[in-house]
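Asks: Residue strings, one per chain:
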Amino acid sequence: MGGAVSSSVLAGLFAGCRATPGAYTPQTLTADQHELVATVAELIIPATDTPGARSAGVHGFIDQMLTRGYTPEERDHFLAGLADLDARAPGGSGFLAASPEAQTEILTTLEAEAREARRSGDGPPPFFHMMKELTLTGYYTSEVGATQELQYVHVAGSYNGDVPLSEAGRAYS
Amino acid sequence: MKKPVHLARPPETYDAIVVGSGISGGWAAKELTEKGLKTLVLERGRHAEHITDYITEHKAPWTFDLRGAMEPEVAEDYPIQLRTGFVDETIRHFFFKDTLSPYVEEKPFTWVRGNQVGGKSITWGRYCFRISDLDFEANLREGIAVDWPIRYEDIAPWYDYVEAFAGISGEKLGLPHLPDGVFQRPMELNVVEKALRERIRERYPERYLTIARAAVLTEPIGDRQPCHYCGPCWRGCSTGSYFCSLSSTLPAARATGNLTLRPDSVVHSIIYDEEQDRAVGVRVVDAQTQEMLEFNARVIFLCASTLGSTHILLNSTSPRFPNGLGNGSGVLGRFLMDHHFKVGASGTMPGFEDRYYYGNRPIGFYIPRYRNISPETMRPDFVRGYGIEGDGYRPSWGRGASLDGFGEDLKQRLREPGPWRVSMTGFGETLPREENHVRLDPDQVDSFGIPLLVFNCGWGENELAMRRDMAASMAEMLEACGGQDVRPYDDYVEGEVGAEPGLGIHEMGTARMGRDPKTSVLNAHNQCHEVPNVFVTDGACMTSAPCQNPSITYMALTARAVDYAVGELKKMNL
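Chains V and G are the protein sequences, given in the same order. If you're matching positions, the first sequence starts at 3 in the numbering used here and goes up one per residue. If you're matching positions, the second sequence starts at 1022 in the numbering used here and goes up one per residue.
So here's chain V without its partners, still in its complex pose:
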């Protein structure tokens, strides 16, 4: 991980994209792994006209799940998959050093492999499926994802069973 580019440079490169200074300190992931997870999550749910996974703190949620929500076996399986993803970067320089195109290609390949693995049956869930599900859950249950990207209807007050979609706008979170 890291390779030719030092962690401190990486930290500087990405500091501007971090949510706030003094934000979440990972408890299971190393700082480098945390950054890697943030990058992959942002590729899955990027910033568009609304913030993406990084701003929503998805990498912090994933670290929480690894620390408190998973068994040791599930955690090790995820971390092994993360290392495997990182090792696929061209030239052995690590995922973070790869171009956006190369990164997308790695994820596309991982998704195809995951689809095939699921089709052929048992075993633990493929890393890419874990990562995608964690990202979607972490994003769409975050305040950013639930209230800005989708609609968070907290206390509706009433029920209307027939609303034009154009009026309703976005899906409810």
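FYI, nobody ran anything at the bench for these hints, they're computed from the structure. Please note that a few of the clues may not be correct.
Covered stretches of chain G (in silico footprint by chain V; criterion: 3 or more residues with CB under 8 angstroms from a CB of chain V, positions within the stretch not fixed) [unchecked claim]:
hint, region
1, 1072-1083
2, 1209-1223
3, 1248-1261
4, 1374-1386
5, 1414-1420
Over the 10 angstroms line for every Cβ pair with chain G, so calculated as not near, a few chain V residues [as the list claims (entries may be wrong)]:
hint, residue
6, Thr32
7, His36
8, Gly83
9, Ser95
10, Gly96
11, Glu107
12, Glu115
13, Ala119
14, Pro126
Values in this document were obtained by computation on a predicted structure and should not be read as measured data. Using N, Cα and C, we set each Cβ at its ideal position, and we do this for glycine too.
Using the hints, position chain G against chain V.
Replies: For chain G alone, coordinates are given in the frame of chain V:
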């Protein structure tokens, strides 16, 4: 074997004791106190109060670190409750820690239990359907088990009574096999459900689709407010918008000044006095101090939930009743039933892509039983029938994991709701069978010194044949009404969990009502044949398990039994 009793302090005496504070216990408390009886309610679980104990009500998902997931070490305490698929970090505080009071499964049985004042009335499904003479007469007509000692006309006025107090919203249909009740304005079906309803009426004259009849208010009752459509009722509702002991019956009981509520009180057994030939009280193990206490009363109502009440009766042994109090018949613990479910069908419903809804409606639709309700609908392959619970909805971001792709395209797709889907699940009647039973473990006791309950209960041929029809019929109905990509499902796996007994959380029987003391525990007034000052009014009393969601029936039977008991007390018959 009788445990030696060392009392912590002299017994306290009341007019009435109610064991349990849930759906039926709350009603017994209200009715007894309102009729002037000094009433002690003993609840085995912790104290809980309306509003203050709804600790996750309205909490946004991002306020849970793991967004509702449970930590593995915590989950180890709830292996049974977790089988339901819906007990998670947001509501586990309302459920029993299985490790605290285990039981023995000779065959899989999922025993779902509450553990606080209010019991399962905090987390229940809220659907309420009356049972009819089609149900009350079925055992007699078919020569199965024993005849119910009551008919619809005996319970109808009591359904009226409890429905008016609880507040049931629903639509009248005029169906003899699903009698109409005292209803508030029904909640609204959505656009797809309305279309499905019309298509069903066109194709199947004996079938109806209606909004579920539910104990969720659409109109105020006292200071209880109509539903505000926030979604998860089961977290507790501070506006009292659904029926729950905490918001409804217990406050009414408290208002009389006659209520004493004692949580952390595990009832060990009923005290039977041979000389007086009556029950005189109960023995309680204090859950906090482990002290053994006694409380005396003239009349005792067991409302501890189906298996809770039977457990107490089985453990109340004496020379007169060596096999459990009131068990001269030998049927105590036997004829255990539940609704079998987790079988049905789902599919997409095209043609409504430009329609959506607004608000989190807490209930879905219901299709009343249409099998074996008339000469034309008789089946060759099974008796009795099933009701269908369903929902029309548009999946949200949760479908994203099964969609291909990632990045901007995926995000844009998930900004829109998914295609309309309709899902249906049936709740099927289970026949009463003697071999389906619970009994006391001869060797093992729990941390309160009470013998563990051993379960041996399984589905029979009638249930399995019914399930084959349920899945096929719901799939056929969806397809005939415009559904696409329709898939039937049946989660039942013999000998394993999936659709095992208990999962329906409508467990009933084991202390059945009947006309003959030789073949039943209770008479037509829920009164123990052999111990007239003991009444059992929760699901244990059920002589059969009609497919209708049963809680409103327990409420009605409880109110009716209290009325009878108080009348008998006044006549000095008890």
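Asks: What hint numbers does the structure not satisfy?
Replies: Structure breaks no hint.
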